[in-house]
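Q: Chain by chain, the residues:
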Amino acid sequence: MLFFDKYVLRNIFGDSFNPDFEGWKVNRFTLAFYGEGKKYEDDFQRTYFKNSIKPFRLALLMGIVFYALFFNLDLCLFPESKKEFVLIRFVIVIPVLLIVYLLSFTELFKKHMQIVASFVVYISSLGIIIMIYVISNLPVQYSYYSGIILVMFLGYTITKIRFVYAVLTGLLIIISYEIVIIFITRSTFEVILTSNFFLLSANITGMLLSYYLEYNERWNYFLQVQLNRERQKVEKSNIMLEKRVEERARELIDTNEQLKKEIERRKIFEREKSNLESRLFQLQKMETIGTLAGGIAHEFNNVLTPIIGYGGMLLDDLRSGDPLREDVEQILSAARQGKSIVQKVLALNSDDGRDKEPVSIKEIVHEVEGLIKISVPDNISVHNRIKTKTDIVLADKAQIVQVLINIVLNALHAMDWVGGSLNISLSNVDSNDPEIKMFSKNSVKKYVMIEISDTGKGMTKEIKERIFEPFFTTKEVGEGTGLGLSVVHGIVKNHKGFIEVESTPGKGTTFRVYLPAYLDLRRESV
Amino acid sequence: MKKVLVVDDEPVIVKMLRRLFEREGFSVSTALNGEAALELMSKDVFNIVITDVIMPKKEGIELITTVKRDFPGTKIIAMSGGGRLSAKGYLRSAKILGADKVFMKPFDHNEMLNAVKELTGDF
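Protein sequence lines, in the order shown, are assigned to chains A and H. The first sequence begins at 2 in my numbering and counts up one residue at a time. The second sequence begins at 14 in my numbering and counts up one residue at a time.
Derived from the structure by calculation, the hints contain no laboratory data. Among the hints, a few may not be true.
Said to hold, decoys possible - Computed, partial: chain H to chain A, Cβ under 8 angstroms:
no.: 1; residue: E23
no.: 2; residue: V25
no.: 3; residue: I26
no.: 4; residue: R32
no.: 5; residue: L33
no.: 6; residue: R36
no.: 7; residue: K118
no.: 8; residue: P119
no.: 9; residue: D121
no.: 10; residue: N123
Unchecked claim - Each computed SDA-like pair below joins lysine to any residue, with the alpha-carbon atoms no more than 20 angstroms apart:
no.: 11; chain 1: A; residue 1: K357; chain 2: H; residue 2: G102
no.: 12; chain 1: H; residue 1: K130; chain 2: A; residue 2: D317
no.: 13; chain 1: H; residue 1: K101; chain 2: A; residue 2: E288
no.: 14; chain 1: H; residue 1: K130; chain 2: H; residue 2: V41
no.: 15; chain 1: H; residue 1: K101; chain 2: A; residue 2: G296
no.: 16; chain 1: A; residue 1: K40; chain 2: A; residue 2: R29
no.: 17; chain 1: A; residue 1: K340; chain 2: H; residue 2: F120
no.: 18; chain 1: H; residue 1: K28; chain 2: A; residue 2: L333
no.: 19; chain 1: H; residue 1: K16; chain 2: H; residue 2: L132
no.: 20; chain 1: H; residue 1: K101; chain 2: A; residue 2: A399
no.: 21; chain 1: A; residue 1: K446; chain 2: A; residue 2: S361
no.: 22; chain 1: H; residue 1: K70; chain 2: A; residue 2: G296
no.: 23; chain 1: H; residue 1: K101; chain 2: A; residue 2: R337
no.: 24; chain 1: A; residue 1: K340; chain 2: H; residue 2: F116
no.: 25; chain 1: A; residue 1: K497; chain 2: A; residue 2: N407
no.: 26; chain 1: H; residue 1: K28; chain 2: A; residue 2: L315
no.: 27; chain 1: A; residue 1: K340; chain 2: H; residue 2: K101
Ideal Cβ positions, reconstructed from N, Cα and C, are used throughout, including at glycine.
Next comes chain A alone, as it looks inside the complex:
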């Protein structure tokens, strides 16, 4: 066996023989798959049949044609045996081949092709052997045995009989031939020797050819199977890869989306934070300015006291009609004006002890509206929108009127008295409202918010930050003292409220005054 492998198979098949390939196991004689490869056998048989059926039919047709054509040789050489040849060729062999040709189209043929094909090859050879017998009584021996070689040639190749069947068939043909020429026709030694030489070597060559063909067919089949399997594996991993890529992509998209949201949230937070910080800073600044203003007022009052005191005494001492009286009166008048300014500044900062009582902001708004409508030019429209549940505030009514008038005057000034619209609205805001939470006082539950907005020229951030500072003004010298809005701030603060300002240059300004709502406890409990 080793010898066979080493010197025959290796040389024929080269490196492809018995390769170190997992699952490649074929029987050296039958060529059938065995062991791990056994699972391939059935499928291989089916595939082999599919690939064989057409060459097989071709072989049959060639057989029929040759069998018919060679009849001419018979007629030429042995016209006297015409009957026998007609019988063998046209009554037995050709009809058998034809029938098999027809049968090859049936379903049953699939199962028995190898047996039937072997039979066909044998019958064709037997026809020739019988013809050899028929012509054996003639004086001249003709080498009709070469016909058997032709049949063998077809049988071992395009008939596609598998190696095992082909070998057995070949053996059977040789045996039949030997029986006829040795025992029946009793041919001469020379004839037996010659024909056997050629027949046997043709048979051996055919066997080798058949072996080679089937082996290759199996090897190709096996490679195809492996290839398919690998391809499937690749496809499968491709699909898995695609799936994973898709998953990763989706994850990335999700993460990206979350990141974007987070950034957005951060931005909003940052904006709110800086907004709150600047408002808080504003508040602290006003507090500081208030304290400072208080200190300055104190100093000022100390300075004004002797001026007014001495001035008064001097006036008492001057005789009526003294020209100096006029001068002293001027001094006193200026000092009193100074006193009134100081008192305004002081109002920024202090609870001046005036009595507060529950007042209706709604009524105050109507009152202020009535006052301003007289002086507002026609091209400025005034609207109000009131949507409060409670508009009662514990307040000094005159001061609240002053607050509203000061803000409204500011708004009219911002619109240059030429045109636009002035809106006053009233609503309630809960002290927990995030917008105002940091400014609202613990004791306050609800605020009454007075919103006054104009469509005037607005203010820059820098101006907005300073509008409540005493003596800060954007008006021309002599147009205003710069105390209007700081007085507003002071009054609102005295009422435990606060003010917010929103302004866009070129668009307008909105003031929001928050005053603690006065909740009537008796009414609340109902």
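Chain A is fixed; fit chain H onto it per the hints.
A: The following block gives chain H in isolation, referenced to the frame of chain A:
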């Protein structure tokens, strides 16, 4: 002659009040803070004390309380030009603690004079 004690940390105001009251025949003593005022009061009897509320060394509020307690016969006038709180706020406290009259600086000299005369019964 009625005796008046003027207390203020501003010398110019003290001087002005001294002139105002002396012109009208009062005997005027002055102090620049609450501590100095009490020292003067321990040596002499005053009909009236006119004091500022915010001063270094013993605030006016403290002085008022002490005078009210130790010299019940002495009248008190508090005056203030304001400070961290408003003048009104300080003066309200002063009034609660026993000041007979309060004045916001700057005041009318005649009103101050009339108040002193009224409180000392010197008409």
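Q: Determine for every hint whether it applies to the structure shown.
A: Outcome of the hint check:
At its closest, the beta carbon of E23/H sits 5 angstroms from a beta carbon of chain A; the interface hint therefore holds under the 8 angstroms criterion. Because the closest C-beta pair between V25/H and chain A is about 5 angstroms apart, less than 8 angstroms, the hint holds. For I26/H, the interface hint holds, the least distance from its beta-carbon to any beta-carbon of chain A being 5 angstroms, beneath 8 angstroms. Among the interface hints, the one on R32/H holds; its C-beta lies about 7 angstroms from the nearest C-beta in chain A, closer than the 8 angstroms criterion.
About 6 angstroms separates the beta-carbon of L33/H from the nearest beta-carbon of chain A, less than 8 angstroms, and the hint is met. Interface restraint check: R36/H against chain A, minimum CB-CB distance 7 angstroms, threshold 8 angstroms, status holds. Interface hint status for K118/H: upheld, as the beta-carbon distance to the closest one in chain A is roughly 4 angstroms, under 8 angstroms. Here the hint on P119/H is kept, as its CB sits about 4 angstroms from the closest CB of chain A, short of 8 angstroms.
With 8 angstroms as the threshold, the beta carbon of D121/H comes within range of chain A, its nearest partner Cβ sitting at about 7 angstroms, so the hint holds. The criterion of a C-beta within 8 angstroms of any C-beta in chain A is met by N123/H, whose closest approach is roughly 7 angstroms, and the hint holds. Note on K357/A and G102/H: the hinted pairing holds, with a Cα-Cα distance of about 15 angstroms set against a maximum of 20 angstroms. A C-alpha spacing of about 17 angstroms is found between K130/H and D317/A, which places the hinted pair at or below 20 angstroms, so the restraint holds.
A threshold of 20 angstroms between alpha carbons decides the hint, and for K101/H with E288/A the separation of about 19 angstroms falls inside it, so the pair holds. Taking the CA atoms of K130/H and V41/H, the gap is about 13 angstroms. The hint holds against a cut of 20 angstroms. The straight-line distance between the Cα atoms of K101/H and G296/A is roughly 14 angstroms, inside the 20 angstroms bound, and the hint therefore holds. For the hint pairing K40/A with R29/A, the CA-to-CA distance comes to about 17 angstroms; that is within 20 angstroms, so the pair holds.
Taken as a hint, the K340/A and F120/H pair is honoured in the structure, with Cα atoms around 10 angstroms apart against an allowance of 20 angstroms. A threshold of 20 angstroms between alpha carbons decides the hint, and for K28/H with L333/A the separation of about 19 angstroms falls inside it, so the pair holds. About 12 angstroms separates the Cα atoms of K16/H and L132/H, which keeps this hinted pair within 20 angstroms; it holds. A hinted pair counts as satisfied when its Cα atoms are at most 20 angstroms apart, and K101/H with A399/A qualifies at roughly 18 angstroms.
Taking the CA atoms of K446/A and S361/A, the gap is near 18 angstroms; set against the 20 angstroms cutoff, the hint holds. Distance check on the hinted pair: K70/H and G296/A sit about 18 angstroms apart at the alpha-carbon level, within 20 angstroms; holds. With a C-alpha separation of about 18 angstroms, the suggested pairing of K101/H with R337/A holds against the 20 angstroms cut-off. Under the criterion of a C-alpha separation no larger than 20 angstroms, the hint pairing K340/A with F116/H is consistent with the structure, at around 14 angstroms.
With a C-alpha separation of about 19 angstroms, the suggested pair K497/A and N407/A falls inside the 20 angstroms cut-off, and the hint holds. At roughly 15 angstroms between alpha-carbon atoms, K28/H and L315/A fall within 20 angstroms of each other, so this suggested pair holds. Between K340/A and K101/H, the direct Cα distance comes to roughly 14 angstroms. Compliance with the 20 angstroms bound is thereby established for this hinted pair.
In this structure, none of the earlier numbered hints is contradicted; all agree with it.
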